[in-house]
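There are 2 protein chains.
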Amino acid sequence: MLTGHIYMATSLDGFVARNNHSLDWLMKQKIEGEDHGFDDFMDSVNGIIMGSGSFKNVLTLGPWPYKKPVIVMSRSLVDEDIPTELKGKVRLTQLSQQELMLSLEKEGWKRAYVDGGKLVQSFIRSGLIQDMTITSIPILIGDGLRLFGPVDNDIDLELTKSESFSSGLVQNHYKIL
Amino acid sequence: MLTGHIYMATSLDGFVARNNHSLDWLMKQKIEGEDHGFDDFMDSVNGIIMGSGSFKNVLTLGPWPYKKPVIVMSRSLVDEDIPTELKGKVRLTQLSQQELMLSLEKEGWKRAYVDGGKLVQSFIRSGLIQDMTITSIPILIGDGLRLFGPVDNDIDLELTKSESFSSGLVQNHYKIL
Chain A
1 MLTGHIYMAT SLDGFVARNN HSLDWLMKQK IEGEDHGFDD FMDSVNGIIM GSGSFKNVLT
61 LGPWPYKKPV IVMSRSLVDE DIPTELKGKV RLTQLSQQEL MLSLEKEGWK RAYVDGGKLV
121 QSFIRSGLIQ DMTITSIPIL IGDGLRLFGP VDNDIDLELT KSESFSSGLV QNHYKIL
Chain B
1 MLTGHIYMAT SLDGFVARNN HSLDWLMKQK IEGEDHGFDD FMDSVNGIIM GSGSFKNVLT
61 LGPWPYKKPV IVMSRSLVDE DIPTELKGKV RLTQLSQQEL MLSLEKEGWK RAYVDGGKLV
121 QSFIRSGLIQ DMTITSIPIL IGDGLRLFGP VDNDIDLELT KSESFSSGLV QNHYKIL
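From first to last, the protein sequence lines are chains A and B. Straight run, no breaks: the first sequence in our numbering ends on number 177. Straight run, no breaks: the second sequence in our numbering ends on number 177.
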């Protein structure tokens, strides 16, 4: 079965970005020389599922950073919204989460990287996430876009690995039970 | 100078209690045999500062758990609200945070344990906290009372220690920069 996986960084107070999507608080961290495992994580997935908000935001951040296929879940974007140089790399879908997971599984996907705050929350609520890598950044920013949102019931987690770095980042790996 | 110190547990999504103050999600954790350093922390402080909400809540949790002096910051409680058996252990104050810290310093206090969600947030905003021990519990509860709140400016932290336990708890020590 195709499983969903999360790899996110949050401020200690739980934000993935400021309200204006800025990541300045994250970018200023002194992490030179540290390997937080992102490349290994990307190697482990067949592709990335994101929402239109994240997609539009990634477009503003410079050159397209992903080598793996990206699926953008959107009811508003149309093919003309995809820059020409990304044709073949980025696909739009209007499928539901469950339909999309089944469809990608039929294509041979085993593991999907689910990215973006809102999408992460709804995939968690739908039980489509198997595990999460959460990196806690040593800063309080006070306000912004949260990683986690409401849940219908408590979600118990199993800590499978915890690692701290000299930069002060703490990376925890959780399996969703 | 008297310094403020925080020792708190939060769900992975950042809550210290449910909205009804319940800690059932915390109490169910299987932590037998683990030492999370609370006794050492309590030994290191001269006493505890809490708000009236936390005070009332502690009263409902069974026998009074603290040996050290407790100062309750409240503009509404009066001496008659303090149970007889706690006279001499619990004091009320209407002083401001800064006035209280100066007053306790004159009494010889060096380190104060600042407890309770709202009080923690305002002491952090006032720059009265030197360090925080935050224990992350492997569960998402989705809603409740948050540890952290708005801040006037970003607050940078220095991770001084990180430790994980077989229960899945991760305890991080941060100095406020």
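Hints were generated in silico from the structure; no laboratory data involved. All values reported here derive from a predicted model rather than from experimental measurement. Treat the hints with caution; some may be incorrect.
Remember, identical chains collapse to one label, so a pair may be satisfied in a single copy or spanning two.
[What the hints assert, rightly or not] Calculated pairs, DSS-like style, for lysine-lysine (alpha carbon to alpha carbon, straight line, at most 25 Å):
#: 1; residue 1: Lys161; residue 2: Lys56
#: 2; residue 1: Lys87; residue 2: Lys175
#: 3; residue 1: Lys175; residue 2: Lys161
#: 4; residue 1: Lys106; residue 2: Lys28
#: 5; residue 1: Lys30; residue 2: Lys161
#: 6; residue 1: Lys175; residue 2: Lys30
#: 7; residue 1: Lys110; residue 2: Lys87
#: 8; residue 1: Lys28; residue 2: Lys175
#: 9; residue 1: Lys87; residue 2: Lys30
#: 10; residue 1: Lys68; residue 2: Lys175
At most 25 Å between CA atoms: does that hold for Lys161 and Lys56 within a copy, between copies, both, or neither? neither (32 Å within a copy, 38 Å between copies)
Cα distance capped at 25 Å. Does Lys87 pair with Lys175 within a copy, between copies, both, or neither? Neither: 34 Å inside a copy, 48 Å across copies.
Within, between, both or neither, where Lys87 and Lys30 count as close if Cα-Cα is 25 Å or less: neither (35 Å within a copy, 50 Å between copies)
My question is about Lys68 and Lys175: at a cut-off of 25 Å on alpha-carbon distance, are they close within one copy, between copies, both, or neither? Answer is within: at 24 Å inside a copy they meet the 25 Å cutoff, but 39 Å across does not.
Using 25 Å as the alpha carbon limit, work out where Lys28 and Lys175 are close: within a copy, between copies, both or neither. Between. Shortest inter-copy distance 18 Å satisfies the 25 Å Cα cut-off; intra-copy 29 Å does not.
As a check of your reading, is Lys106 near Lys28 (CA-CA no more than 25 Å) within one copy, between copies, both or neither? neither (41 Å within a copy, 40 Å between copies)
Within, between, both or neither: Lys110, Lys87 at alpha-carbon 25 Å: within (23 Å within a copy, 64 Å between copies)
Checking an output row: Lys175 and Lys161, CA cutoff 25 Å. Within, between, both or neither? Answer is both; intra-copy 10 Å and inter-copy 24 Å each pass.
Using 25 Å as the alpha-carbon threshold, which applies to Lys175 and Lys30: within, between, both, or neither? between (28 Å within a copy, 17 Å between copies)
At most 25 Å between C-alpha atoms: does Lys30 with Lys161 qualify within a copy, between copies, both, or neither? Classified as both; 23 Å inside a copy, 17 Å across copies.
Hint compliance for this structure: hints 1, 2, 4 and 9 are broken, all remaining hints hold.
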